[in-house]
Amino acid sequence: MKSNTQLLAQVTEFIGYEADLLDHKGYQEWLSLWTEKGLYIVPTDLNETNYLETLNLALDDADMRRMRVARLENGESVSANSVGYTVRMMSRIRILEAGDDVVVARCAMTLNELRHGKLVTYPANVEYTLKPTADGFKLDQKVVKLLHAEGFLRTVSFIF
Amino acid sequence: MSELIELKNLGLQAADMVDVENGRVKKELYSDPAIFAEELDLVFNKTWVYVGHESEVPEAGSFKTSYIGRHPVILSRDRKMNLHVLQNRCRHRGATVCEARKGKTKAFTCPYHGWGYGLDGSLRALPKPEEYEGVFDKDEMPLESLKWDSYQGMVFATFNKDIEPLADFLGGAKKWIDLFMKQGGGYPVKVLGEHRFNFPGNWKIQLENTTDAYHFPIVHKSFVSSLDEATADIFDFLDGEGFVEDLGNGHSVMVMIPELIDLEADLDQPIPERFNELAQALRDEGKSEDEVKKLVRAAHGTGFNLNLFPNVSCSMAFFRVLRPVSVGETEIQHVALGGEGAPAAFNQKRMRLHEHFQGPMGFGTPDDGEAWERVQKGSMSGTDGWILVNRGMTKLRTSVDGNPQGAVCSETGMRGAYRQYKKVMAAGEEK
Numbered sequence: 621m622k623s624n625t626q627l628l629a630q631v632t633e634f635i636g637y638e639a640d641l642l643d644h645k646g647y648q649e650w651l652s653l654w655t656e657k658g659l660y661i662v663p664t665d666l667n668e669t670n671y672l673e674t675l676n677l678a679l680d681d682a683d684m685r686r687m688r689v690a691r692l693e694n695g696e697s698v699s700a701n702s703v704g705y706t707v708r709m710m711s712r713i714r715i716l717e718a719g720d721d722v723v724v725a726r727c728a729m730t731l732n733e734l735r736h737g738k739l740v741t742y743p744a745n746v747e748y749t750l751k752p753t754a755d756g757f758k759l760d761q762k763v764v765k766l767l768h769a770e771g772f773l774r775t776v777s778f779i780f
Numbered sequence: 291m292s293e294l295i296e297l298k299n300l301g302l303q304a305a306d307m308v309d310v311e312n313g314r315v316k317k318e319l320y321s322d323p324a325i326f327a328e329e330l331d332l333v334f335n336k337t338w339v340y341v342g343h344e345s346e347v348p349e350a351g352s353f354k355t356s357y358i359g360r361h362p363v364i365l366s367r368d369r370k371m372n373l374h375v376l377q378n379r380c381r382h383r384g385a386t387v388c389e390a391r392k393g394k395t396k397a398f399t400c401p402y403h404g405w406g407y408g409l410d411g412s413l414r415a416l417p418k419p420e421e422y423e424g425v426f427d428k429d430e431m432p433l434e435s436l437k438w439d440s441y442q443g444m445v446f447a448t449f450n451k452d453i454e455p456l457a458d459f460l461g462g463a464k465k466w467i468d469l470f471m472k473q474g475g476g477y478p479v480k481v482l483g484e485h486r487f488n489f490p491g492n493w494k495i496q497l498e499n500t501t502d503a504y505h506f507p508i509v510h511k512s513f514v515s516s517l518d519e520a521t522a523d524i525f526d527f528l529d530g531e532g533f534v535e536d537l538g539n540g541h542s543v544m545v546m547i548p549e550l551i552d553l554e555a556d557l558d559q560p561i562p563e564r565f566n567e568l569a570q571a572l573r574d575e576g577k578s579e580d581e582v583k584k585l586v587r588a589a590h591g592t593g594f595n596l597n598l599f600p601n602v603s604c605s606m607a608f609f610r611v612l613r614p615v616s617v618g619e620t621e622i623q624h625v626a627l628g629g630e631g632a633p634a635a636f637n638q639k640r641m642r643l644h645e646h647f648q649g650p651m652g653f654g655t656p657d658d659g660e661a662w663e664r665v666q667k668g669s670m671s672g673t674d675g676w677i678l679v680n681r682g683m684t685k686l687r688t689s690v691d692g693n694p695q696g697a698v699c700s701e702t703g704m705r706g707a708y709r710q711y712k713k714v715m716a717a718g719e720e721k
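Line by line, the protein sequences are chains A and B. Quick note: to get our numbering, add 620 to the position in the first sequence (first position is 1). Quick note: to get our numbering, add 290 to the position in the second sequence (first position is 1).
Calculated directly from the structure, the hints in this document are not laboratory data. This list has only true hints and no planted wrong ones.
Listed next, the in silico DSS-like pairs over lysine-lysine satisfying Cα-Cα at most 25 Å (straight line): (1) B:Lys-370 with B:Lys-437; (2) B:Lys-394 with B:Lys-370; (3) B:Lys-712 with B:Lys-336; (4) A:Lys-765 with B:Lys-392; (5) B:Lys-667 with A:Lys-738; (6) B:Lys-511 with A:Lys-645; (7) B:Lys-316 with B:Lys-712.
Build the full structure now, drawing on both the sequences and the hints.
This is the structure:
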């Protein structure tokens, strides 16, 4: 693929914007980034691509995303209330597919969480399927492939 | 010798920290590393421990790795379809012979010196065998086998060759396992996948939790808020007709939703409107109306948690398996279940429901984990103190099966588990 610095800059800006919203708990704005049929997926099996027919850590359609955000925001969840801050770094961004209707990009993420005073780190590969619109990209699919998805995780009360 | 006597005294000391009559246990049981080491021996090495489900090793050559306490083991199925539970330790220098979670193989080969074992554990081949001529014969060096047995596909194994039969150990729990397995909706129950997470706390905190309905409306408020009104009403069960029954041998059942004890009953009732989407998907897969009703009722699991001492529970719609890692760390698997050969819409629905509540990113588990972590942390406060499990102990009745039974939010099941714990910890002293 030929280098397309303008597209790469747009995708990088979008990924950075989304990461910033999540780290700063801008969940309502985050919900508005999605297409109606978009899916937020955190698989348990890193080699699996048929997410609907396998068990995932999360497979959120629009309803589940809305409920997930409500749970994090409504003050009723003792674990969500205990989450301090997350700081995520997104890098190694690469465009895998650059069509008029869809752009697929992959990047590396290191998410750090301070939990009860202890630093917990989550490295992951993240794949974005983006739909170009007149108002910029919409998220059609986001797959977060945690490095230790198949191992034993700490419980998670934030959004990757 | 003196060291041996001291260790044995510890078992009795731990047993003395359990005051079942008054419904309380010493908080040190969560945090004393010496007691933990004794538990590994007296509880996990001496009793039946759940290692996996037969559906996880469906074919000749299938295997999964598991643990009994801190011992790595392999559940395997050989060429003749026989099951084996093997110690995951090469007989030569002790390396594990299998690190994969699950899979299919023709042999387990030690990565260190290349000793190769069959699925039945037999030592098949090793490089340069001539140097062992006159030292030992291959037949003498299989992977060590454990005694195992299964009930309704649930495989239990033990290091204790003198143990009572599994059927006797499960005793009154068998009836409830039979009821639990009806959630295949007419298909054999099958493992669909699992969530794995850990928490910084003692294993007994988790053992207690599966038979603790009292916490549900508090800890899981945010989950209940995410449900539709009709489903949320179902989970408002503390004032209902549910109960907790002590089934003996440390096992107990906590019935939260009595109308969902038997999933094959009441099948003449109309399908509730909120399940229309699933019902239609099942009709679209060509299922008859009778089968649709049965599958829809089974899809959401049973109305009870069956807690089996010491490491597994059949919890509404899934298996919860615990593994003690250290005195202050426990690993947990939430195993999703479906039906072998069941309609895709049924199994998919069950996986989506599992994702909704269970696992490290579910709407329920993280809040459980937070509460357990706080119990471990809080239990360190003070030099002495009790954990209370006495709720409902003066209001017991006798069940139809002749067991002690209390209200759904009583701590009857916890007292049952601790009675068994006390028995096995004290038994170490007698031997």
